[in-house]
Structure formats: C-alpha cells, structure tokens
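What the sequence shown shows, in the numbering used here, is residues 3 to 323, in sequence order.
Warning: the hint list may mix true and false statements.
No more than 27 angstroms apart at the CA atoms, straight line, and that leaves these computed lysine-lysine pairs for DSSO-like [what the hints assert, rightly or not]: (1) 55 x 231; (2) 195 x 268; (3) 164 x 268; (4) 99 x 147; (5) 164 x 231; (6) 164 x 147; (7) 99 x 278; (8) 46 x 164; (9) 268 x 55; (10) 164 x 219; (11) 46 x 268; (12) 195 x 46; (13) 55 x 99; (14) 164 x 99; (15) 55 x 164; (16) 278 x 164; (17) 164 x 323; (18) 231 x 195; (19) 268 x 231.
Derived Cβ-Cβ restraints for the label pairs, each shown as a range [stated by the list, open to error]: (20) 187 x 93: 42 to 50 angstroms; (21) 92 x 278: 16 to 24 angstroms; (22) 299 x 270: 20 to 28 angstroms; (23) 285 x 93: 17 to 25 angstroms; (24) 91 x 299: 30 to 38 angstroms; (25) 195 x 41: 18 to 26 angstroms; (26) 148 x 230: 25 to 33 angstroms; (27) 46 x 310: 19 to 27 angstroms; (28) 285 x 94: 16 to 24 angstroms; (29) 153 x 212: 18 to 26 angstroms; (30) 65 x 323: 28 to 36 angstroms; (31) 65 x 209: 36 to 44 angstroms; (32) 92 x 48: 40 to 48 angstroms.
Hint data in this document are derived by calculation from the structure and do not stem from the laboratory. Glycine residues also receive a C-beta, built at the ideal position from the N, C-alpha and C atoms.
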Amino acid sequence: MVTYSRTMCTAVAILAVAFASAESTADDLVLDDVLAEYQAGCDKLSSYDVQLKHSTQVMIERAENPEASDESADGDAPKKETRVIFRRVSDESQRRKWSWTNREQFRRESYRVETIRTDEVNRSSLGLTIVWDGDWKKRYSPVRKRGWTSYYHETIGDHQGKMYSSLYRNVAGDLSYLDFIRVRRNVTVRRDKGLIILTAPPIPREEHRKLAGVRFKGYGVRMFLDPAKSFLPIRIEFVLPDQSEPQSRCDIVLTQIQPGMWAPTKARSAHVFWYKAAGPEFYGQDMVEDVIEVDLERSQFLNAIPDETFAFEFPPGTDVK
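With the hints as extra help, turn the sequences into a complete structure.
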C-alpha cells in the first residue's frame, strides 16, 4: 500500500455534527467522521473469494472520417480532431461485445485475480493471473507464456475490467479511495436525499510537480455514500478539471450478506464521452459499458484464505519481464 505523510494530507475544517436532521446541509457533517464510518464499512469486508461475471459493450465508437485530408488547407500538419469522427452504434446487435468471468480473492490487502472463463472475443486472456502480496505484483499469461513483475500494483488492466475492490475500497490496485482523498484539498461532504456525497477535486496542475509520488493527480472523485448500508458507495464518479460531466461513473447495488454487513453484488460501470472537440453531440453520454455481477452461489465472504494463495511462482519456461 502506498502511504503519504501527514504534511501532504488535506487540512479539513471541523464542522458540527447533526445526523438526525432530515434537512441536513454540509454544515452538519464532519469529513473525518464520514471517512471513519466509510472505513469501518470497508473493514467489515475483511476477506472474500468472489466470482465476477463481466459483460462489456461499446455504444459510441471511433470511425475514420472519409472527408478528412492528410494536410490542412495551408499545408501544415493534419489536425487530429478532423481526422477521426465518432458514431453511435444504436443497433445493440451491431455493438462490439465481450464477456468473461474473474475469480478474485482478497485478505489483508493481498489480492489474487484469475480469469477463469471467457468468450471467443476475449480468449487470449483466459487463465490470466495477477497476484499482489502487499509488496510485489506478479502477472502471468499462460496463453502467451509471459510474466511481469512490479513493486506496486497500479491497476488490474482493461482486459480484466474492474476489480471487485474498486466497487467500494480501492481506486485501482493497491491505491485506496481513502489515500486518494486525503492528499486533495477542498474536499467537501453534503447530504442529498438520504445519501452523503463526498467530493474530492483533482489536484491543481501547478501542484503536480510537488507531489511526484501521488498517482492520478489529474483526477478527482465523487462518492455517493449510503449511511443505511455501512456508508458504502452506491455510485462512484471520476471527474476531470473543467469538465461538467464525469470521466466515468459506476452505479453499485449493495446487498446485506450478513446482519449489519453490506457488500457490492452488481454494478454498471460506464466510460463517459467527454471529447468535446471530437464529438460535441455525444458529450456526457455513455461510451463503453461494463456490467459486473457477483455469482453469489460461487462466492464467499469473511472466509479463511490460506497464505499460499498469494505465494505465486511463475511456471518453468515463463518469459518474465
């Protein structure tokens, strides 16, 4: 887990607490208290062994612009925004689609993710395994007979979709939402229709150089937390500077799997079209959709996971980079 010193964390003003009021405003909430409740909800999911069924489809795709020329009128280099156009794929039967199933195991910040089933489109990722033991990431592709290692877990990779932990705990890999939020200034919390909306804006560009070790500096996050469901999020949005629409959004279904314990069981994640110059008519609309569903019959929560699950060794003959 990447950690940051307190000097990098946001100084947050302490506000009065009045959770009982139905007309609560931002003045009724304390950011540290909200984060503590959210952390407690995450900590209840201390281990799991889940199977996630993914299905992805593309609703807006790139298309070559037949009217684009290789050069602009004055002979200068071509303008990128005129060479590529986008089109909506309205007919669902014509959309590019693929599906797969991951098995994910988690315990004490260690992860193991394996792609156990795929369709023909995604066949090359069958058997792909990623293990993060808290210190090192190992990634192995049996199809390509290749392995990769790194000293931290940046992200799981688009071919495996969202990790289960990204539905409630982690931005990507080993980077938690809490660490993501705590290095940002001007974090706000407010109530809206029974939810608590937490907004952590992107770090201003002029501060990026001072925070060389911080990942995803150009992104902010907006989390819609449900106090009735362990303060876990029912929606997560990533936002960019000077954009009225989020870069991505994820709507999450929380289910009570044990008394007082809630967990994500289904989600719809969408990458949002925000290239104003390339396709203003599509701005703010869903471009790619990933539906994620937990197979509850094949999943367990709070189960014992042995140490050897996270002690992965590359098979002999693997080309390791």
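Results of checking the hints against the structure:
1. 55 x 231: Between residue 55 and residue 231 the Cα gap is close to 23 angstroms, so the pair holds against 27 angstroms.
2. 195 x 268: Status holds; Cα separation ~22 angstroms.
3. 164 x 268: 12 angstroms, holds
4. 99 x 147: Distance of about 26 angstroms is within 27 angstroms: holds.
5. 164 x 231: 22 angstroms, holds
6. 164 x 147: 24 angstroms, holds
7. 99 x 278: 25 angstroms, holds
8. 46 x 164: 21 angstroms, holds
9. 268 x 55: Roughly 9 angstroms between the alpha carbons, so the hint for residue 268 and residue 55 holds.
10. 164 x 219: 20 angstroms, holds
11. 46 x 268: 18 angstroms, holds
12. 195 x 46: Since the Cα atoms of residue 195 and residue 46 sit roughly 25 angstroms apart, the hinted pair holds (cutoff 27 angstroms).
13. 55 x 99: 14 angstroms, holds
14. 164 x 99: 16 angstroms, holds
15. 55 x 164: 11 angstroms, holds
16. 278 x 164: 26 angstroms, holds
17. 164 x 323: Holds, at roughly 24 angstroms.
18. 231 x 195: 14 angstroms, holds
19. 268 x 231: 15 angstroms, holds
20. 187 x 93: 42 to 50 angstroms: Since residue 187 and residue 93 have Cβ atoms about 46 angstroms apart, the given range 42 to 50 angstroms holds.
21. 92 x 278: 16 to 24 angstroms: The hinted range 16 to 24 angstroms holds for residue 92 and residue 278, with Cβ atoms some 22 angstroms apart.
22. 299 x 270: 20 to 28 angstroms: Distance hint for residue 299, residue 270 holds at roughly 21 angstroms.
23. 285 x 93: 17 to 25 angstroms: 22 angstroms, holds
24. 91 x 299: 30 to 38 angstroms: 33 angstroms, holds
25. 195 x 41: 18 to 26 angstroms: 23 angstroms, holds
26. 148 x 230: 25 to 33 angstroms: 46 angstroms, violated
27. 46 x 310: 19 to 27 angstroms: At roughly 25 angstroms between Cβ atoms, residue 310 and residue 46 fall inside 19 to 27 angstroms, so the hint holds.
28. 285 x 94: 16 to 24 angstroms: Cβ of residue 285 to Cβ of residue 94: about 22 angstroms, so the range 16 to 24 angstroms holds.
29. 153 x 212: 18 to 26 angstroms: Holds: the Cβ-Cβ distance is about 23 angstroms, inside 18 to 26 angstroms.
30. 65 x 323: 28 to 36 angstroms: 35 angstroms Cβ-Cβ, so the 28 to 36 angstroms window holds.
31. 65 x 209: 36 to 44 angstroms: 38 angstroms, holds
32. 92 x 48: 40 to 48 angstroms: 45 angstroms, holds
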